Amino acid sequence: MTVVEQRPAVIEGRHGTIGTSPGRPDGVAKVQGTFAFSSDLHADGCLWGATLRSPHPHARIRSIDVSGAWRIDGVEAVITAEDVPGDLHYGLISHDQPVFASEVVRYVGEPVAAVAADHPETCRRALAAIVVDYEPLDPLLDPEAAIAGTAADIHPDGNVIRHQRIVRGDVDATGDVVVEGTYEIGMQDQAFLGLEAALAVPDPGGGGVELHVATQWLHEDRTQIAACLGLPEESVRLVLGGVGGAFGAREDISLQVHTCLLALRLGRPVKIHYSRAESFLGHVHRHPATIRMRHHATADGEIVKIEARMVFDGGAYASTSSAVLINAITHAQGPYRCDNALVDGWAVRTNHLPCGAMRGFGVVQACFAHESQMDKLALACGLDPVEVRLRNAMRTGDPLITGQPVLNVAPVERCIRETAALPLPDTPVGGFPSEDGTFDAMQLPGGAGRTADRGDVVRGVGWGVAIKNLMYSEGFDDYATARCRLADGVVTLKFATSEVGQGFVTIAPQIARTILGVDDVVLDRIDTQVGSAGSTSASRQTWMSGGAVDLACRTVRERLFEAVAGRFAADVEGLDALRLSIDGTDVVDTVSGWRLPVAEAAAGMTIDETVEYRHPETEDLDENGQGNCHTAFAFVAHRAVVDVDPRLGLVKVVQIATAQDVGRALNPLSVTGQIEGGIAQGLGLAVMEEIVQVDGVIRNGNFTDYLLPTFLDMPEVVATLIEEPDPHAPLGAKGVGEPPCISSTPAIVAAIRDALRRVDGVGRPLDRVPVRPGDICV
Amino acid sequence: MIIDSDHYTVNVNGVDRQVTDSWLGESLLDVLRDRLGLIGSKGACEQGECGSCSVLVDDELVCSCLVMAAGVVGRTVVTIEGVAPAGTPTDVQAAFVEAGAVQCGFCTPGLVMAVHDLLERSPDPGDTEIREELAGNVCRCTGYGRIIDAVQRVAVARRDVGGAS
Amino acid sequence: MLADEPGATLLCGGTDLMVEVNEGHRRPDRTVMMVNRITELRSWRHDPAAGTVTIGAAVTYSELMREPLASLLPALAEASRTVGSPQIRNAGTLGGNLGTCSPAGDGLPVLAAAGATVTLASASGTRTVDVVDFMLGVKRTDRRAGELIAAVTVPVAAGWQGYAKVGVRNAMVIAVASACLVVDVSQRSVGLALGSVGPTVLRCPQAEAFLAERVDWDSARVDRDALVAFGELAAAASTPITDHRSTAEYRRHAVGVMAERLARRAFDLHEEESR
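Residue numbers (the working numbering), protein chains in the order written: chain G, 287 to 1064; chain S, 51 to 215; chain X, 524 to 798.
Quick caveat, the hints were computed from the structure, so don't treat them as lab data. Because the structure is a prediction, the values reported are computed rather than measured. Wrong hints could be hidden among the right ones.
Here are some of the chain S residues that sit facing chain X, going by a computed Cβ distance under 10 angstroms [as the list claims (entries may be wrong)]:
(1) W73
(2) L111
(3) M118
(4) G121
(5) G160
(6) V188
(7) R208
In this text, a Cβ means the ideal position worked out from N, Cα and C, and glycines have one as well.
Work the whole structure out from these sequences, hints included.
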């Protein structure tokens, strides 16, 4: 990939500080295979656990007979809902999800029982020997029935998880131009590679437990686990096991309570590992959604009013559906100015697989709709897709349709222009011929399948632009904790920030090196022995945990300066802590120029500070969806070039160009990694990824049929990092994880539409993602 | 030749290792991880679709989750633990770290094996060839760009020193 | 050995069987016969006099992609290139592909279009069956208890041959639809076989006869209308189903397009129709 960095003139930082790209501290262990993921953990005397799951999307449980499992040699425990000592339910927002189903199962895969045994094979046989007498019930599968109230409640909390409207300005305003559409987004899976795994080690005496688990939020897990175990939180200690990716799927409890229950019951360590098939059932997914949108605009293409109706299928349990919906409806306008809006949003409960957080969190769905609409608007007004977006581009200070002014740096126009400035690919359809005049089939849609020749393929270009909120919303008390200890010239950082691959463990030392002028930075174990860092999600950790580490290091630095000023007051006239600064690896008196290496200044001292970093408060939305409910915003533009075989409907993405508003690239190589990785997920949703459920039963819960983009599916990415440091962000840096997967999807679909229009001048609506070959050709 | 599936010997990373209490059909991946303590190879799909379990059997890159462990008796197996002398990263491993090709790292051991295999067979691969030869290794974090960069860095460096390292 | 345990599980490359074992769907009971360790089955030989190549059941897809085999049987090399990944190609075998007999098996349309035969070996000797008669249905073959697939014998025809396969992404896909066209210039005939559009791989006698009759064999040219009609006949010969991977409508449409394009690659268009 080519990265064009637009950076303000900055003195080259020493290697390892902010703005450079040192290698990640766990990199060598990962390339050597010695890094311990949670699935690699073991304890002496450890037993294996496994989970029995419902085969029905909706059924009453008449009885559970576990006697058959007990008769199998090697089985040590069999537990059901009766064996849960504390709260029977858990959940991130409402506690509506049972640890084990007892009277009714509400989705295929819902846990009903668990066993512990000496070997995974014994567990498998034990599960097979448990007899559950189910009375199948009609599943509720139609979200509209849930909204209309025509279906019986499938849960005591009702079938509507959240309903919220947004009413702003003149709802009766009209425009000379009206474009509308109904857009569907299929269920995407996070599909992290590191399958779910946990190891629970009970305290001798049974009053507590230590859980090693790959998760996104140690402290939130702990709160829910302790409540279900009936234990005080201090008795439940969590340690982060190596995480093999997350993307939102580890924010909810999956195997944590089950593993702890078994371990506490037996007084022995227990570990549970999910298979891939089980993983598809064991975590939440991206909400499938249906979004109807209508844009009113002037003849010049300026948006007058947006109307939208959004329906999000939350599946059987609430998870974070409420927050996902709010994200979606509050981003309905996209990164564009809009004075008038009428939006109606529903998150409903069905007997489909439960849905919750996935990278993009509701904005992915909204963006596919609003960007598809912008292209319709362009066509209707005779404008090109870039021009219509430039005409409406938001600027700092413009409000969302919730009334909230976007106070952050908002370089929407710049994102679009700089993306447009990136060169289009110079390779033609099918690539250049090799020396013998032949063309490589791998350069065409269909790849090695050799389904097309060059004359069968058409190239198209498409655009997508997005706004994405950062951090949490609606008054949530979001904070992060960090501890910085300076002793004998070495800095030790401790935080509970979950490292899932995104690279917080790389930038945390960079911050410390910059602030404290120390090269040696040690990271303490990530566990609950320090305060909460909040979730690794919502593109929040660079800002929040980075802010906490920054604040902790600055606090330590102040104490260091005070000590230095006191110690050397006699040697330097008027020496005062306020005059001191860090330059490279020296403490410097900015007035006299006197300096001392940090290592010497800190010799014999131990300074230890723990701080919490909080962002300014946010508000709830009122009944008209008005309120400053979000914290901050980032922006991005994508341009996709796609080659299409119109007769077979096969697609090859040739190039993605992007300019992303990153504030400040603390580690440019890491930012590049997030951009490319996010685009891959956006590409997946555009053309290949969908969990298929028929009558509430998943049909493709494996990697043969749930298709992830391979090396051959990902194109070249050319990127510009737009660095306008945000004055609200503690380090000037905005979160970068989500924007890449948001507007890349509509850009790719728009490119396919563009290619098809070149074929017959009409093309295909392609109002559903993932786009299937049959949508393109038949 | 009849091999008793409960008890046999496999040669892994140059060392003969006893496998006991196995069962008929147990995969090489499970034997490596659960019986021989070699946890570097990872399992993410059980179907040979992701390449995280990639190892070399008789110098050929295969998915160890699809190899019946007893079937490698009499053959040589090389895993991520054996691709480099203990403690010294190979040029491929070092390039992965320097190029930013590692995020969560779950796909990384399998990819390192696949890249070593690729560069043995094709020392100077172009972009398309790299993509085709690594298509059996799925990564969910990186989007592949930095990995391709790492491969190209190694190919160039090896060419500059006049041959494979 | 197979005579003593005719129900033994046969294991070659493991790329099909081990998936089922890993999922817990299948546990071998007593004996697994590791066919890929039988040296004779890992070799191939070309018989120029007979005009055939005989490929041992344990020859891998990677080996089928290497010279000189790739030039002898180019469609088989093309099909092999579409199989999974290097890891799968290093382990997967033609014998295993035949033994599993999925209608999506990548090598199978090539064997069918070329008119290959299968040789089965047992304690009582060997038996040779046409591939199209060996493949009976979805994962059902004519292999009897006590037999193992020893080799496949493929005619080496003078003439163009090619393979095409549709999948939703650009690598690592199970065929949604596939097709192989083999042209035999000396016989002035063509073989067309379709995959993933029926319970097993299908030959298309009507389409084949139609095209053979419309080709100007002296100049190796054909007209565009004939190509289109050939594709339509191929589509009409297919009997696809709708499943979670694709719809019957799309599969039928796709084999028609592939058949037309394969024929377009095999022959030149008539002078007045060339661009």
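Verification of the supplied hints:
For the restraint placing S:W73 at the interface with chain X, the shortest Cβ-Cβ distance is roughly 8 angstroms, inside the 10 angstroms limit, so the hint holds. Residue-level restraint check for S:L111 holds (minimum Cβ-Cβ distance to chain X is 5 angstroms; threshold 10 angstroms). Against a cut-off of 10 angstroms between C-beta atoms, the interface hint on S:M118 holds, since the closest Cβ of chain X lies about 6 angstroms away. Because the beta carbon of S:G121 sits about 5 angstroms from the nearest beta carbon in chain X, less than 10 angstroms, this interface hint is met.
Taking 10 angstroms as the C-beta contact cut-off toward chain X, the hint placing S:G160 at the interface holds, the least distance being around 9 angstroms. Nearest Cβ of chain X to the Cβ of S:V188: about 8 angstroms, under the 10 angstroms cut. The hint holds. A least Cβ separation of about 20 angstroms between S:R208 and chain X goes past the 10 angstroms threshold, and the interface hint is therefore violated.
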